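**Student:** Here this note's numbering is used: the first residue of the sequence shown is 75, the next is one more, and so on.
Honestly, the hints are just simulated from the structure, not real lab data. None of the values given here were measured: they were computed from a predicted structure. Any given hint could be a false lead.
Derived BS3-like pairs: lysine-lysine, alpha-carbon spacing no greater than 25 Å straight-line [as the list claims (entries may be wrong)]:
1) 327 - 251
2) 338 - 319
3) 251 - 231
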Amino acid sequence: MTQIDLYQRVSLACSKLLTNAYSTSFSSGIKTLSSRFHDPIYAIYGFVRLADEIVDTFHQHDKKVLFDRFKQDTYWALEEKISLNPILESFQRVYHEFEMEQELVDAFLYSMELDLFETHYDEAGYKRYIYGSAEVVGLMCLHVFCQGDKSQYNALKSDACALGSAFQKINFLRDIKSDFDERGRVYFPGIDYLNMMEKDKKEIEADIQLDFDAGLRGINRLPMEARKGVLLAYLYYTKLFERIKLAPLEQIKAERVRVPDREKLWIFIKMKCGLV
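Construct all of the structure, not just a fragment, from the sequences and the given hints.
**Tutor:** Structure, rendered in structure tokens:
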């Protein structure tokens, strides 16, 4: 093993460690994928997670300075095909190996940067934010799942975007209280948080369902080696969405609705045993 091979192995280990530390659900989903997909998906998650942490949680630091540095380091890593940041090192390798478009990275970083200053969105801004913050992440993963098959990627692209959009909108509903209380954000266009009504919640849920339906259609067309992992994420979010729909608006605005770990574990067990 050469020294660069060792560094690449250590970098991937960092991405895996970050993924396992920050998301047990995502980590479980990766385990149901073919082993050939594990490292690339860890690398993608590590990259997007690190960017999200900068804009959402590093309150004791100048987040704009940190994000600008991360953004510049990302583009240097993609151009030079190496980075001393192990998370960026593992991501740039996957980016080049699967011939991802730079537009996906551009859109993602654009949406993340919006979280530094934007608090309200019109319809166009809302769609652009969701594309960059969620849909392109799904497209990065789709590049991995399609293993360079461009025709397959293009055929599944629209449904993959719909699934990412559904997941993100559910996150917005689940986190609507903390987004407003802690960051002053309201992602849903035309929604006044303080005067939001039950009918507003129902309209948002109906919109999410349309995305969910398209997303499931895409899952059923994925390569078999990737299907279980994405389906597991879909089932997790289906359970969360069910709980959100059953909860009155007052509850959504008072507490964060979540799926208990025991229910997540049961879904995972059923998936591993081929019961779903």
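**Student:** Decide, hint by hint, whether the structure agrees.
**Tutor:** Hints, verified against the model:
Pair hint residue 327 plus residue 251 holds up; C-alpha atoms about 5 Å apart against a cutoff of 25 Å. Pair hint residue 338 plus residue 319 holds up; C-alpha atoms about 18 Å apart against a cutoff of 25 Å. Restraint check: the Cα-Cα separation between residue 251 and residue 231 comes to about 32 Å, which exceeds 25 Å; the hinted pair is violated.
Against the hints set out earlier in the document, a violation occurs for number 3 only.
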